[in-house]
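There are 4 protein chains.
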Amino acid sequence: MSGYGGGELLHLIAGHPSFELAYVAGESSAGQTLAQRFPWLGGREEGGLVIAPFEPQKLPALELLFVSLPTGKSRDPLARVAEKVKIVDVGGDHRFVDGWTYGLTELPGQRARIARAARLANPGCYPAAALLALAPLVKERLIEPEGIVIDAKSGVTGAGRGGASAFGYAETNEDLFAYGLAAHAHVPEIEAALAQIGGAKASVAFTPHLVPMSRGLLATCYARPRDGVASEQLHEAAAALYANEPFVRLTQAQAGAGPHTGWATGSNLAFLSYAINARTGLVIALGAIDNLGKGAAGQALQNANLMTGQHETAGLKGLPVRP
Amino acid sequence: MSGYGGGELLHLIAGHPSFELAYVAGESSAGQTLAQRFPWLGGREEGGLVIAPFEPQKLPALELLFVSLPTGKSRDPLARVAEKVKIVDVGGDHRFVDGWTYGLTELPGQRARIARAARLANPGCYPAAALLALAPLVKERLIEPEGIVIDAKSGVTGAGRGGASAFGYAETNEDLFAYGLAAHAHVPEIEAALAQIGGAKASVAFTPHLVPMSRGLLATCYARPRDGVASEQLHEAAAALYANEPFVRLTQAQAGAGPHTGWATGSNLAFLSYAINARTGLVIALGAIDNLGKGAAGQALQNANLMTGQHETAGLKGLPVRP
Amino acid sequence: MSGYGGGELLHLIAGHPSFELAYVAGESSAGQTLAQRFPWLGGREEGGLVIAPFEPQKLPALELLFVSLPTGKSRDPLARVAEKVKIVDVGGDHRFVDGWTYGLTELPGQRARIARAARLANPGCYPAAALLALAPLVKERLIEPEGIVIDAKSGVTGAGRGGASAFGYAETNEDLFAYGLAAHAHVPEIEAALAQIGGAKASVAFTPHLVPMSRGLLATCYARPRDGVASEQLHEAAAALYANEPFVRLTQAQAGAGPHTGWATGSNLAFLSYAINARTGLVIALGAIDNLGKGAAGQALQNANLMTGQHETAGLKGLPVRP
Amino acid sequence: MSGYGGGELLHLIAGHPSFELAYVAGESSAGQTLAQRFPWLGGREEGGLVIAPFEPQKLPALELLFVSLPTGKSRDPLARVAEKVKIVDVGGDHRFVDGWTYGLTELPGQRARIARAARLANPGCYPAAALLALAPLVKERLIEPEGIVIDAKSGVTGAGRGGASAFGYAETNEDLFAYGLAAHAHVPEIEAALAQIGGAKASVAFTPHLVPMSRGLLATCYARPRDGVASEQLHEAAAALYANEPFVRLTQAQAGAGPHTGWATGSNLAFLSYAINARTGLVIALGAIDNLGKGAAGQALQNANLMTGQHETAGLKGLPVRP
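Chains as they are written, first to last, in numbering that gives the first Met the number 0: chain A, 0 to 322; chain B, 0 to 322; chain C, 0 to 322; chain D, 0 to 322.
Be careful, since some hints might not be right.
Note that identical chains are pooled: a pair holds if it fits in a single copy or bridges any two copies.
[Claimed, not checked] Straight-line alpha carbon distances no greater than 20 Å define the calculated EDC-like cross-link-like pairs of lysine to aspartate or glutamate that follow:
no.	residue 1	residue 2
1	K57	E311
2	K200	E231
3	K138	D92
4	K316	E44
5	K85	E54
6	K316	D226
7	K316	E62
8	K316	E19
9	K85	E235
10	K72	E62
Source of the hints: derived by calculation from the structure; they are not laboratory data.
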């Protein structure tokens with residue numbers, strides 16, 4: 000477990016009322032204590048834990064294992080983990096793979112599946128934001144599922160490769176650009192989930208952008224409405240689907256502004272907003288999250304809570320750190 | 000002249016080989032010298048100039064006047080400026096208004112009109128980026144002019160109201176949001192210019208976003224291609240239209256990434272890139288500028304050069320400050 | 000209660016295991032619900048609370064009141080609050096004022112006084128960092144208490160005036176400067192506290208700097224050692240004074256680097272480090288905190304816990320949000 | 000020539016009225032054109048230049064060579080460069096080394112030496128700011144040259160190692176720390192220069208800090224005044240020494256604030272300010288520069304102008320990019 004998502008998970012687990020941190024593995028940091036790697040853990044019990052090399056066949060007795068390995072590197076090792084150890088894979092290798100449950104809790108029907116799962120694939124950060132925004136519209140057939148535009152913007156911890164410091168400060172500061180124009184690993188995940196929700200083929204033009212901030216992810220989605228769909232129906236569909244969701248907040252545009260990514264920083268919250276563009280009739284659906292919260296570690300812990308019979312919000316009640 | 004655009008213009012004029020700064024007016028700063036307002040002008044000739052209150056009927060002998068007044072505040076005063084004084088209005092009140100020439104130099108046919116103009120309306124920062132990216136496609140009828148999506152992202156100096164410090168550091172840092180969802184002043188400007196270029200009604204869904212950076216603006220545009228349009232045609236149309244343009248650069252996506260706003264910081268450059276999205280067939284056109292350069296003061300000086308018979312690039316050859 | 004410190008306190012109280020938020024007052028936001036002012040509180044019980052105008056003589060039944068009013072504005076109103084309501088004043092008007100206890104918990108002898116206090120003056124953010132770093136050295140007479148240099152650096156939420164957005168993004172970003180060169184309200188507070196700890200007159204040259212970040216405060220302190228003082232004694236004095244402190248962490252310089260402000264972001268932690276400069280023999284003491292945590296709201300809650308018989312760390316166990 | 004300083008030099012040379020860029024060498028980027036490495040150079044003559052591997056014995060006919068190699072790597076190769084090629088070494092290997100002239104132009108007596116030099120060692124960025132601030136005080140013996148405290152703060156391009164992206168965005172953003180506590184390569188350079196100016200041994204406690212910004216460097220210097228020195232004498236000494244300097248600006252504290260690093264961004268300017276601290280009597284001298292301007296590439300070009308008989312300000316008249 001390394002990288003930004005791993006660090007965030009450690010914090011969440013350390014603050015969890017029931018979970019106990021029994022084992023931490025990492026490659027480059029193996030042999031260090033957690034407190035050496037994360038100085039703020041000094042003086043806490045967790046800080047004394049020594050980071051082990053990851054040996055899937057020699058795990059201690061664990062109820063559940065969180066894994067976040069680089070893309071393409073987790074299929075083999077995870078196949079060797081004992082069956083009785085439940086797994087939440089925060090990485091991308093097991094999404095929509097047989098034998099693994101897709102773990103975006105708030106999607107229709109998903110919560111019950113997650114509670115029964117022993118092998119769980121956590122969603123990507125971009126799909127988490129886009130799917131939460133689009134799911135009610137696709138489910139209620141308010142929009143055409145083909146030709147959806149997802150213009151997404153993320154802070155650098157979401158765009159990182161394997162959690163490494165891929166982006167230098169001086170290069171990233173005061174800069175902004177689109178990437179993944181040719182292809183992006185999250186597209187099949189988004190299309191598969193939308194197809195499952197709506198029961199029809201979906202296609203998306205997905206353009207991620209790197210924004211000079213550490214955390215925060217906004218998906219601005221554009222879709223063609225089905226005939227006669229009115230603005231209120233969009234909001235109502237979301238209100239119905241997410242009526243009792245502890246982590247989803249619907250917001251009305253104030254002075255024409257959508258939800259801020261900063262409202263979610265450090266929390267597991269997702270903020271959604273809907274509008275119909277007056278000039279073109281296009282539907283605009285906005286989803287704002289912390290890419291390390293609902294986009295990674297927060298969602299992972301939410302899933303783990305369900306998989307182990309904990310209260311779904313245990314350890315996740317924290318409010319955003321804002322400003 | 001106040002605000003960020005005004006400050007940038009002062010810098011450009013101070014570095015211009017032929018222009019001489021003869022008069023500066025401002026409201027809140029009237030009575031100060033330029034060096035008191037801008038400490039880095041201390042020790043330079045311009046620094047001693049005293050900021051006057053703006054009295055349009057009592058101007059000194061000027062060849063050309065740059066104006067940047069808050070929206071809605073410039074029609075009356077500018078109507079009182081003597082006819083022999085040429086005007087470049089950096090504000091928004093005279094765009095597509097009778098008697099005023101729209102001043103985005105690189106649009107088809109525009110350069111010659113600008114050279115003859117005595118009353119010039121400088122484009123908005125968002126339109127500058129979006130129109131440069133879309134103009135070749137609309138001109139060559141490669142895309143449908145209706146239903147275009149323009150998802151735009153700007154640093155705070157572009158989103159400012161009248162140049163004031165509308166955005167606090169702690170609120171803006173580590174945050175991102177969409178605004179103008181209901182309506183935005185730049186939409187009619189973009190649609191009017193596109194209609195003029197393409198000879199057909201155009202409609203756009205325009206969603207601006209505020210990004211935590213001081214400068215930089217990226218327009219990510221999505222449009223439906225006309226039947227049979229291929230990816231190369233997009234790039235070729237832009238290459239043809241901008242073949243001899245000193246400030247426009249076409250870039251090919253490297254590793255799937257588009258142009259960076261940071262490539263333009265402090266300069267009058269515009270970077271454009273084109274792609275066809277494989278999943279949906281949609282055209283993606285990207286335009287990156289410095290909102291205070293090509294999006295405001297740089298474009299204004301380029302226009303002033305043309306209007307006064309200077310070389311178009313005079314005072315505008317500076318390279319970006321990067322990083 | 001308004002401003003950044005007030006917002007942070009709301010979050011901490013909302014997450015406190017025993018405290019209940021019964022009353023919130025504010026000037027500019029009176030009449031709004033908390034959820035209107037802080038959108039992330041939507042959907043929570045606290046979010047429905049209506050912000051009242053502050054009327055000190057008409058308070059509901061409260062055990063304890065947190066107050067953060069602009070400098071010079073709290074003496075009169077707080078004098079009218081009923082005696083049975085305990086007060087923690089996060090503002091600056093009651094520090095080292097008769098009848099009020101100074102509330103930096105970890106200073107020698109202070110914890111017991113705080114537990115007995117009904118009127119508590121919370122320390123300033125700069126003094127919190129500097130005093131935690133200097134207290135052990137002054138107490139053990141390892142440094143001369145006169146002529147101490149405190150070169151301090153703060154993010155903008157610490158330098159704010161009354162919590163308002165005093166600092167624009169574009170002006171603050173990519174900029175750094177020293178202020179308060181003539182005088183600063185925190186100097187008498189620091190000198191008074193040092194004199195109390197060391198039993199001798201203290202004098203400090205205090206230079207605060209504004210740094211482009213939202214949170215974080217570092218005090219770099221330089222002092223002349225008493226004769227024969229060795230580097231180890233500095234660390235040992237701090238280790239002895241803070242042996243059982245839950246929020247203070249001593250760090251050894253790794254590769255010559257001191258503690259990072261980012262290690263404390265969003266938490267109540269303080270990180271301290273000590274060195275003797277080889278070229279001049281000067282002692283260097285470093286203190287890093289979150290100015291809204293240990294420098295304001297975190298310290299305020301720690302004090303309130305003591306004043307009301309709660310466990311001192313209740314509601315303050317959160318780890319930093321990092322990165 | 001690689002790294003941030005090298006990139007900045009390329010920009011300055013490209014804008015120089017007389018210099019012609021004839022040769023560029025680099026290690027990791029050898030074989031690329033400049034336009035491939037720096038996309039904004041596309042479409043300019045310089046952009047077509049191919050980056051060569053650095054072979055000191057096979058240089059083309061050059062009048063002057065700028066070099067910026069990693070510390071410890073330039074002595075051998077530069078010894079092999081033909082004598083008739085003048086060298087400006089922006090790196091640290093030849094400062095206060097026999098046969099090399101130290102190139103901080105504004106120091107007493109230095110300008111004439113530089114004009115005669117064929118081997119020039121450019122100052123470090125921290126020394127440039129600190130020495131400009133301290134030189135007049137040491138020269139006029141207004142302060143004690145021993146026990147000076149230099150508390151310096153720099154953006155990441157100044158603290159970079161060899162120009163590489165040593166600092167990740169997510170790690171650097173919202174963070175601040177002191178480094179080099181044990182030793183820093185710039186200390187001997189500062190002490191040697193101060194001793195030369197003042198004719199007496201100097202010693203400094205130098206503490207650099209890394210600040211989350213790309214550019215900008217502030218040196219806050221504290222020194223003991225000689226007996227009877229008054230505040231005005233500090234300013235007068237600087238005014239006398241820098242009376243005709245085109246790049247040095249003295250500023251008076253406004254509302255107690257010193258010069259901003261942002262006033263220098265992208266320029267070769269240096270801003271200085273002086274005060275006496277009322278509580279301790281200590282002298283405070285402040286120096287603010289752009290670490291890539293006066294702290295590296297700007298100073299290097301200024302030296303090259305002098306060494307080749309150009310006007311000293313040629314290519315350096317640019318105003319800061321602000322905000």
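Right, here's what the structure says about each hint:
1. Proximity of K57 and E311 under a CA criterion of 20 Å is satisfied in neither setting, with 30 Å inside one chain copy and 41 Å between copies.
2. For the homomeric pair K200 and E231, neither the shortest alpha-carbon distance inside one copy (25 Å) nor that between copies (28 Å) is at most 20 Å.
3. In this homomeric assembly, K138 and D92 never come within 20 Å of each other (Cα to Cα): the closest approach is 26 Å inside a single copy and 44 Å across copies.
4. Taking CA atoms no more than 20 Å apart as the test, K316 paired with E44 passes between copies only; the shortest distance there is 13 Å, against 22 Å inside one copy.
5. In this assembly of identical chains, K85 and E54 lie within 20 Å of each other by CA distance solely inside one copy; the values are 16 Å within and 56 Å between copies.
6. Proximity of K316 to D226 under the C-alpha cut-off of 20 Å is found in neither arrangement, the shortest distances being 40 Å within a copy and 52 Å between copies.
7. Within a single copy, K316 and E62 get their C-alpha atoms no closer than 23 Å, and across copies no closer than 25 Å, so neither meets the 20 Å cut-off.
8. For the identical chains of this complex, K316 and E19 are neighbours both inside a copy (18 Å) and across copies (16 Å), given an alpha-carbon limit of 20 Å.
9. In this assembly of identical chains, the alpha carbons of K85 and E235 never lie at most 20 Å apart, being 37 Å within a copy and 46 Å across copies at closest.
10. Within a single copy, K72 and E62 get their C-alpha atoms no closer than 22 Å, and across copies no closer than 54 Å, so neither meets the 20 Å cut-off.
Violation of the numbered hints given earlier is confined to hints 1, 2, 3, 6, 7, 9, 10; the remaining hints are satisfied by the structure.
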